[in-house]
Amino acid sequence: MIPFEFASPKTLSEASREVDHKSNMALAGGTTLLDLMKLNVLTPNRVVSIAPVLGKEVRLERDTLTIEAGCTMAKLADHEAIRDAFPVIRQSLITAASPQIRNMATIGGNLLQRTRSTYFRHPDMAPPEQSFEAETEEKFWHRVDLSSAAVLGNNGRVVGTYPGDFANTVVAFDGTVHLQGPDNTRTVKARDFYRKPSEKEIQYSVDLKPGELIAAISLPVTPALKQSLYFKVRERSSYAFALASVAAGLELEGEGASATIRHAHVAFGGLGSIPWYSSAAVLALEGEPATDENFEKAAQTALAEAAPPPGNEYRVRLAERSLVRSLRRLRDVGPYTDAEIWAMQHGRAVNQS
Amino acid sequence: MNHHADSNNSAGLGRRQFLKGVGTLAGASCLPTNATAADENTPQERNVLEHPLTLTLRINGRELTREIDARTTLLDLLRENLQLTGTKKGCDHGACGACTVHVNGDRVLSCLTLAATLQEAEITTIEGVSQNDQLHPLQEAFLRCDAYQCGYCTPGQIMSGIACIGEGHADKSAEEAREWMSGNLCRCSAYPNILAAVRQTAGAEPESDPAATVKALSLAEASSQGR
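First to last, the sequence lines map onto chains A and B.
For the first sequence, this note's numbering assigns the number 354 to the last residue and increments by one with no breaks.
For the second sequence, this note's numbering assigns the number 248 to the last residue and increments by one with no breaks.
Check before you lean on any hint, since a few could be wrong.
Said to hold, decoys possible - Cross-link-like lysine-lysine pairs, in silico, BS3-like; alpha carbons within 30 Å at most:
{"no.": "1", "chain 1": "B", "residue 1": "Lys236", "chain 2": "A", "residue 2": "Lys39"}
{"no.": "2", "chain 1": "A", "residue 1": "Lys76", "chain 2": "B", "residue 2": "Lys236"}
{"no.": "3", "chain 1": "B", "residue 1": "Lys236", "chain 2": "B", "residue 2": "Lys193"}
{"no.": "4", "chain 1": "A", "residue 1": "Lys227", "chain 2": "B", "residue 2": "Lys193"}
{"no.": "5", "chain 1": "A", "residue 1": "Lys57", "chain 2": "A", "residue 2": "Lys190"}
{"no.": "6", "chain 1": "B", "residue 1": "Lys193", "chain 2": "A", "residue 2": "Lys76"}
{"no.": "7", "chain 1": "A", "residue 1": "Lys39", "chain 2": "A", "residue 2": "Lys23"}
{"no.": "8", "chain 1": "A", "residue 1": "Lys23", "chain 2": "A", "residue 2": "Lys197"}
{"no.": "9", "chain 1": "A", "residue 1": "Lys227", "chain 2": "A", "residue 2": "Lys190"}
The hints are simulated quantities; they were obtained by calculation from the structure and are not laboratory data.
Okay, chain B solo, but in the shape it has when bound (with noise of 0.2 Å):
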């Protein structure tokens, strides 16, 4: 499939990093390939430290120990310090869903944990949820499903979604998935999409594309059907 070739094209670099390496070479010099961006922020981090915490836990499967700032979230945590862009900041006040990520097993909001309160915890992040380059169902369910649109919130619904079907909430009704997917906004309104994934996977809902379904009327056929 395409999205697989693509994400063997960059090579296991996130989207971020691969972008600052475009940017490098464009002006005509070379990205170290042993530099990882988490390297060049360490010395920065280390000044602003007076009191830190030291912190071991266990982020997809890899233990780390770090020194922290107490007020570390687990959100910037994973962002800032580990760079695992790929938990979201939305609104960073619990109002969003953005950041879900699955903290010893249990979805919960990364912006209102401190990362002090996690020490020994289980993390696991969007970067987590495939198995080397095999996608999750969900994932792939997103992509059938076109349920990413703009793509912001994306990793927080499928952190979310992967929760919900874990839950039990995802195989019944419509409404109790979209009441139990209700903590993740999104701004471009894909949640017809995000709901048709997240029940599939569930295997509530045989698996295909929304949109296949979606019939765009002209103007005469619709007003001749009384639209």
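Only chain A is shown next, with the shape it has when bound in the complex (with noise of 0.2 Å):
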């Protein structure tokens, strides 16, 4: 690490003043911001404390629920409002990380993962407008670790992913970020606020200006986000990024096979340059009715616009039979308890009490 000033604000709003996001930069959880200093990937002359001025209360009232920035993911995991109340909540943060890096990280830094591809995070990566050339060019493609490759949402090229979980979750149910600047306040849908690598970048860029801090998100509390799941597929049994995962909810009219579906919500994780939320598979979804056909019919739509880096096919299939999966099991059990997580995630001690 190069040496770095540490500041710690009083305020938020002093804080916000602070940042840029570039040589003064924010520290909440720590655990992306550390990892990369370390690596000399970022290398900021300034290091802002900001978790002491965040808030970090949940609060569920009406129909919205309010997550302040700086809940850590252990405590949001945990909260009353969201343990048995929005499984896929939970569910997105439980399977994500470890214990101990829950109980450190914080939501607005969680939001805000940088990918996981090492050769996109590598501190001798060219500069984007040196790169890009290159990346196109088919033959680059043998040459780097794809396996943290975006499939949807890379324009083409060789990109990264977003590595996150919770993300997935809060575009899955429309969620608004609401933003702190040393002068005001702004809130963007969360769909808007992720925005796909352009030309000239090799990962997602967000909608944050700089000064700009995430103070909370919130969702609408709606029937869906209890008849939910998040479901995710990784290459051990835990404390693992996703190769492909499901955020998704159903509300149904009706019962089995010949309900009708009323509102569906769907994102990918693992697979999209940004937290992917698939408008292609709500649409077939809404309206219609609730059968393996229609199910498979919307996974099929969702995927159609995969464009898979070399070895990275057989995720596009995975993430088509995870999405059905999860749709199924909405159907016809409803959500995942914990212990079915622990038993589907370990499946060696089914039967062990």
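Work from the hints to combine the two standalone chains into their complex.
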């Protein structure tokens, strides 16, 4: 780590005046920032400690759930308003990272994770304007590790995936990001907050101006948020990023396959250059009967625009099957319980007490 | 018990300090009893501090004030500045859990925690979990279950295990305990024994050495049983 100055502002607006997201960076839980600073990928001159001035409350008021940005992943997952009421929120948090990291990481910081692609976070990585030409050439594709390369939203290029889980829930269920600037506040829909990499970019950017900090996020409380789940497939049982994941919720009218889908919420994780809200899947589902055929059609429609880099074709099929499985589960049984998730992930001892 | 006698023999010296002493004695010199390794490091430490921060916190019940470089992680503060080398540096990037300690009662990764953010915080490390000569029940269980093997991940596993039990994730299903211990990686595959130690301490399993139920079969016995 290169030397830096450490600042401890007293208020959130004071903090926002100090942060420009370039040479003056905000430190909340530190689980991404410290990691990248040790690798010299990020080299701020000044680190502004914002965790003490961020709100940490979770509030459930009428039809809105508000989560202040300083709440940790662990506290949110265990919050009484969340724990049994909104499965997709809890599950997208507790299947992410490790208990230690979830005790540290704040919700605000969690939304802003960088890609885990070792190529795109290497300090010797050429600036995008120089590397862009190479990344469009097919021969380049065979020279780098593509296991963390985006399958959706890559514009035909090799770009890094967004690695997080909780943000997929936020975009699936139409969350809003509340921003605190030096002199004003602003709200942005989470679906607009994340921007796919433009021509000269190698990973996503966010609608966050210099000086702005995430103060809170809010989610509309809908019946589908209660009938929801987060399904995550990874290379080992736990503590790994998703190869493909699904944040899904259904509001049905009727029972079983003859039910009509009133509302559907679908986002994919581990696949997109950004948390991937699938309007295609939602359009294919809403108003239709909840049949297996319609679930499969929605999955294929959702992945129709996938452009997997070489060796990642399997992740398209994995995502389709994950979505179909998630929707069938929600229709036939309902949300997963914690115990079912542990059994599914660690599966060796399903019958063991 | 034998391990108690062993720890008494080293008269409260850490392993590193003890080994250092052995080396010094072999060189026909004498270990000064009042000089700690921390004192030896102090001048060098001061030389690199251009803009030192003053940090006051409590570690294992003792209040400490130190001048630190802003870059100092909690892990480096413990190991390099305070010579509390029980906490281990594994990956130094939050991927292995070897550096797990408790900050204000929660288990966290000390490698990704800037010490400067810990003003007035309460830290517990592996050095602080036993009461005088009385090992923590989970430390006892690790000995009983042979859960340490190479020993490098052990302090992090124990700190994580104590928290896992306190959080209520260790006394239900084995899969739940596995999941909530999954932030701690072990390269010599002591997982079954670590899991047994954690669950036994939580009361989910009777206290016993898991190896006691392992039966080694001869080739003839194995083939007669169709294995």
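Tested hints:
Restraint check for Lys236(B) and Lys39(A): the C-alpha separation of about 47 Å exceeds 30 Å, so the hint is violated. The suggested pairing of Lys76(A) with Lys236(B) is violated, with an alpha-carbon distance near 44 Å, which exceeds 30 Å. Using a Cα cut-off of 30 Å, the hinted pair Lys236(B) and Lys193(B) holds, with the two alpha carbons roughly 27 Å apart. Simply put, Lys227(A) and Lys193(B) have alpha-carbon atoms about 25 Å apart, close enough for the 30 Å limit, and the pair holds.
Among the hinted pairs, Lys57(A) with Lys190(A) is consistent with the structure: their alpha-carbon atoms are about 21 Å apart, no more than 30 Å. Taking the CA atoms of Lys193(B) and Lys76(A), the gap is near 21 Å; set against the 30 Å cutoff, the hint holds. The hinted pair formed by Lys39(A) and Lys23(A) meets the criterion: a straight-line CA distance of about 16 Å does not exceed 30 Å. The straight-line distance between the Cα atoms of Lys23(A) and Lys197(A) is roughly 20 Å, inside the 30 Å bound, and the hint therefore holds.
The straight-line distance between the Cα atoms of Lys227(A) and Lys190(A) is roughly 21 Å, inside the 30 Å bound, and the hint therefore holds.
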